[in-house]
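Number of protein chains: 2
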Amino acid sequence: MLPRGRPRALGAAALLLLLFLIGFFLFGGDLDCERSQQGGEWWGGGVAGSLPYSLTPRVPPDGRPRPRGAAALDGDLPAGYGGHNSSDCDPPRPRPRPPKCELLQVAIVCAGHNSSRDIITLVKSMLFYRKNPLHLHLVTDAVARNILETLFHTWMVPAVWVSFYNADELKPQVSWIPNKHYSGLYGLMKLVLPGVLPPDLVRVIVLDTDVTFASNIAELWALFAYFSDKQVIGLVENQSDWYFGNLWRNHRPWPALGRGFNTGVILLRLDRLRQAGWEQMWKMTATRELLTLPATSLADQDIFNAVIKEHPWLVQPLPCVWNVQLSDHTLAERCYSEASDLKVIHWNSPKKLRVKNKHVESFRNLYLTFLEYDGNLLRRELFGCPCPLPPGAKQLQRALARLDEEDACFEFRQQQLTVHRVHITFLPHKPPPSQPHDVTLVAQLSMDRLQMLEALCRHWPGPMSLALYLTDAEAQQFLRFVETSAVLSARQDVAYHVVYREGPFYPINQLRNVALAQALTPYVFLSDIDFLPAYSLYDYLRASIKQLELDGGRKAALVVPAFETLHYRFSFPTSKAELLALLDAGSLHTFRYHEWPRGHAPTDYAHWREAQEPYRVQWAADYEPYVVVPRDCPRYDSRFVGFGWNKVAHIMELDAQEYELLVLPEAFIIHLPHAPSLDISRFRSSPTYRDCLQALKDEFHQDLSRSYGAAALKYLTALQQPRGPV
Amino acid sequence: MLPRGRPRALGAAALLLLLFLIGFFLFGGDLDCERSQQGGEWWGGGVAGSLPYSLTPRVPPDGRPRPRGAAALDGDLPAGYGGHNSSDCDPPRPRPRPPKCELLQVAIVCAGHNSSRDIITLVKSMLFYRKNPLHLHLVTDAVARNILETLFHTWMVPAVWVSFYNADELKPQVSWIPNKHYSGLYGLMKLVLPGVLPPDLVRVIVLDTDVTFASNIAELWALFAYFSDKQVIGLVENQSDWYFGNLWRNHRPWPALGRGFNTGVILLRLDRLRQAGWEQMWKMTATRELLTLPATSLADQDIFNAVIKEHPWLVQPLPCVWNVQLSDHTLAERCYSEASDLKVIHWNSPKKLRVKNKHVESFRNLYLTFLEYDGNLLRRELFGCPCPLPPGAKQLQRALARLDEEDACFEFRQQQLTVHRVHITFLPHKPPPSQPHDVTLVAQLSMDRLQMLEALCRHWPGPMSLALYLTDAEAQQFLRFVETSAVLSARQDVAYHVVYREGPFYPINQLRNVALAQALTPYVFLSDIDFLPAYSLYDYLRASIKQLELDGGRKAALVVPAFETLHYRFSFPTSKAELLALLDAGSLHTFRYHEWPRGHAPTDYAHWREAQEPYRVQWAADYEPYVVVPRDCPRYDSRFVGFGWNKVAHIMELDAQEYELLVLPEAFIIHLPHAPSLDISRFRSSPTYRDCLQALKDEFHQDLSRSYGAAALKYLTALQQPRGPV
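Protein chains in written order, with the UniProt record's numbering: chain C, 1 to 726; chain D, 1 to 726.
Everything labelled a hint here was simulated from the structure, so no lab data went into it. No experiment lies behind these values; they were computed from the predicted model shown. Incorrect hints may appear among the rest.
No copy labels: a pair is met if it fits in one copy or bridges any two.
[What the hints assert, rightly or not] Cut-off 20 Å, straight-line C-alpha distance, at most; resulting in silico cross-link-like pairs (EDC-like, lysine to aspartate or glutamate):
| no. | residue 1 | residue 2 |
| --- | --- | --- |
| 1 | Lys358 | Glu381 |
| 2 | Lys356 | Glu411 |
| 3 | Lys356 | Glu405 |
Just chain C, with the same shape it has in the complex (with noise of 0.2 Å):
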């Protein structure tokens, strides 16, 4: 359930009152994981109170407002602080304290690859420490939208709703306003917001992409209970002296309140923004400034500023540790260093983590922490918060819990049913122009494998989706690589997808099925990451394809025959003629000859040598030819994990599909030598691992007679004859 805009949100409303319901029997009503998402109640009652201090700067002689001091700065706010005299007998301030189970809303506009990566960097700081409920809000472009959708929907965080709004559809209403910000158009969308968001929703917390939480964030929510009745706008001090102007000749920021504030962090009642005319208010604002002033520079937060200047009352000024700004010349240090604790930081810098800073050390230690956390340990659930779970998660758990922990193959089953995290397009990348016969080369690697992409890039100049089997911090060092390699860097077409490791086995065939399914060309090319194409075979197989006819409906998998050297140095053949003297000469091999000839032998090396067009192969047990098939071909069984029959399966239900297989007699492959991977080494060996692929292989048969009836029989029977080693 990841609720698209209002229709799934409805759906979800509807749950989520029954699941209230329930809560409010089972709990007293204590818990109240949806309330404000019905745009419900505060905690505490409504009565909000005021924050403890002023942001009237105190103005020193040189005409400067200093920070405040350290009490001040303080995100925590101990009842009695701040001068009050407790002798006084006041009637105690409440202190505001995280809800439990009150579910916080979260907006965040995101758009492209980069974003997509540095926004979930910040989810995962937030979700770390949180411990309540949360619903994102997120205003994406397609491609932001594209990827994480899937990875929210693949993550499933317990307790955590994801809905998207389309951003390109709020263009017209920011489009008008000139802006110099390195972050564009995208960077003026918290202006709309108010309008965006469903009506219901009360409060909002908005967050730019490069923040990262070091607290929990229902800190920074309950901050909402200080908002007199007139305060719509919850905001930091901006901690640089931009709004004083004169940093330069001619520098003429827009208006603003004393030092002004900085928009990575807002808390807003959007409630009282709608009844207050938001959208007018800003929008005049904005175009009497313009009047004078060429541009925004700083994007949405000039807007704001201008706004606040106009009506001060708007704004509830929030202790500085929740915005701690590391600019180039920031004066945070003024606020981190006297206050107990920091609550989020924000690279607000254009040099992001290259900014110059005295402290930059420790604050990208934090940043690390979270870019290289493993996602899948913020599963957690919210304890004693009725929260229901995501949509797949119950299934999950039920089919978990059916499993049998003493069955020999239960890691083997565990590992089938697990839901790997999937980041699509995990780096920029721009789709190829659609082309009738164009063939995406399909294959997955892992981290082991990183040096072959850079030969494959060489061999093969088409677009390739290629599916890697990464932790989070492989993730980031993979980036690096690309980043530093000249070959791969200059390729666009090359679609990175990252499926974040899970378990003791490597799940080959989920992995081929991402990268299957994120092929963008009418046609595939369904390859493995150690071989190596011959460097005419992109050209050839479309030409193939064409001359074949395969675009007019025919159902052909066109075979590439596989080779293999054992020689570690080794000099590619430019052509047919000199891979055939090389395999005379005893320098290649046909593929796996030594070991395992079933595999590749009905696609007849001998008739391979002479032919000058294609011809047609019968089938086998057994057989894993690499082939070219459409895009929509049958999806690879996922039952098969690790090492083992993960592509004999897949070809015989392309035979059961009725698939020709076609050899092509330009096309070769070649498979380089490797050391044996360490999961290979570490279950090859193993008596449990042989039996455990054979009941997999005797469902994956029983499945097959299911689908495809008596014509699967031939498939058994192959199976039952005598055979060699798997």
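Guided by the hints, dock chain D onto chain C, whose structure is given.
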């Protein structure tokens, strides 16, 4: 400065006093990083409050006390909470808040290899959330001390001090107590802490190694403020029915107050315990109980509970969230499902993470967070606390500051200066019995060579000292890899030393030096991980050392000739004759024969073919043989990071120190092929890399000339001759 007991502690105290005075003048005495190390004041003026709820179990009809309500369970106790009617106009209760910059004292008992790994996870979780300086008091056996001293020394976490206390000396104080608990004798040592810790230490938090923090330890420390004048021990109630007895027939637990208390997390007022004659008190109680009970079942916990039963005024009960106990039949859910926040979890089942519990997955995730957390990221400063830097850190900071970021070799120089965290003997290890001619194989590797370990163990039956360059998460993968390998887990004479990754280059010579420093035999065979030794090599080397009378003071390096196979599948020769046959057949080559014959040419393979006796060879430029040398040989030059010249420089230094180079006629090792490592492929193509390597070589030669004078001239001359590629 890792103070070993008193003398160092005194020095530290003097230094701290100085810094305190500086701090006082600079910061007006607000920051007291060191005050309580001096046995000083409690934050808040020393007025102790009392926790606003009573421990006395509310006894329901079934006679078993029920857990207290949610608020009493919470770790965070806001002022005005707890049924106090604020309209009473009481003077406001001082809410104990974590004191900024106060030094917190923590004591932990730790013995053996496995506990030394556990304690690091605990410490990581503590450091992650802490905002205060910490002083760790570690009561350790020799193994743990060796490991942890190296670890903390290389970790260099700001504002963390570590003192060690010899657990073996304390054994007589507790060994008279029969104890059935799995923690053994060390499980009883918490009892003697008041006598062991420095007499001026007033307060200490005592932790078991199997607890994990989920919050700032200062919040726990702040609970000292609730102690009444009589209270000396803060404890969390036991979260099982153990002390009620009757869990099974003849279950006779030690006496306890109600459900009893768990001693995984203890607050101790050491001053009052000493005053109250604690040592006599617990010994008397234990002696008396042991008249009727055969032994303690839960080690120290039984005795603490018996004492408290007798003197209930001694205990200050702590909120349950500070010790959430995850044993098999825990009642902890009553605590954590009502509390807003967990503070500390305690894996107090002997099954540890394999304990059965419906929420164990979520708790495990918290644990795994810190198990796999990159400890380097905890080298964060405490902003605004004027604590001195850890030993070496200041010089390091200065050296790093002197580097020029614009220098093309900046990253090289930064890497050379990097102090890597080192965890020696990461896995249980039994040093080999001392033998006069014994040889340890010394090598280093990273994750991508793990699969070499089994083969290496088969080829080398003797002791090994291996440095592994890993991330924290990889170290756990490595652990599982060893545990699941029958070959590896059978070996106790292989010492694995984890050096934690940091920086872009593989610090090859630093790794070699770590492995070399930990070798315990008189001789070492300096090998590389990609080589397999002849099956007979270990025996042959020991025989040769004896025969050549190296222990008589003959200064020699025994050369083991190196070969390579380019074939991925390969049958290892069992004798020199077989090796020569393979060489003649072209299946084997002398090492790097094709790309860099100079590296091994001086070994004189032609001579070796015929040799029956060890023969002497002369050093020549670029010679880099694999050698056997005495353990006290020169260290590798750690300026060489990444690839290139790292062994060459070492051999040059051996020659400069006039080691004879003797080639052994029956010794050989063979290099197996592998894909180029990521590190090598990333840098080999870079011209900057070559330039920097040249600069490093020049600097090495200058240093050599300084050390060896005119004798080093020959190396410079050799360098200046025209040569091939690096």
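Hints and how they fare:
1. Lys358 <-> Glu381: between (38 Å within a copy, 11 Å between copies)
2. Lys356 <-> Glu411: Between. Shortest inter-copy distance 17 Å satisfies the 20 Å Cα cut-off; intra-copy 48 Å does not.
3. Lys356 <-> Glu405: between (53 Å within a copy, 12 Å between copies)
Of the numbered hints listed earlier, not one is contradicted by the structure.
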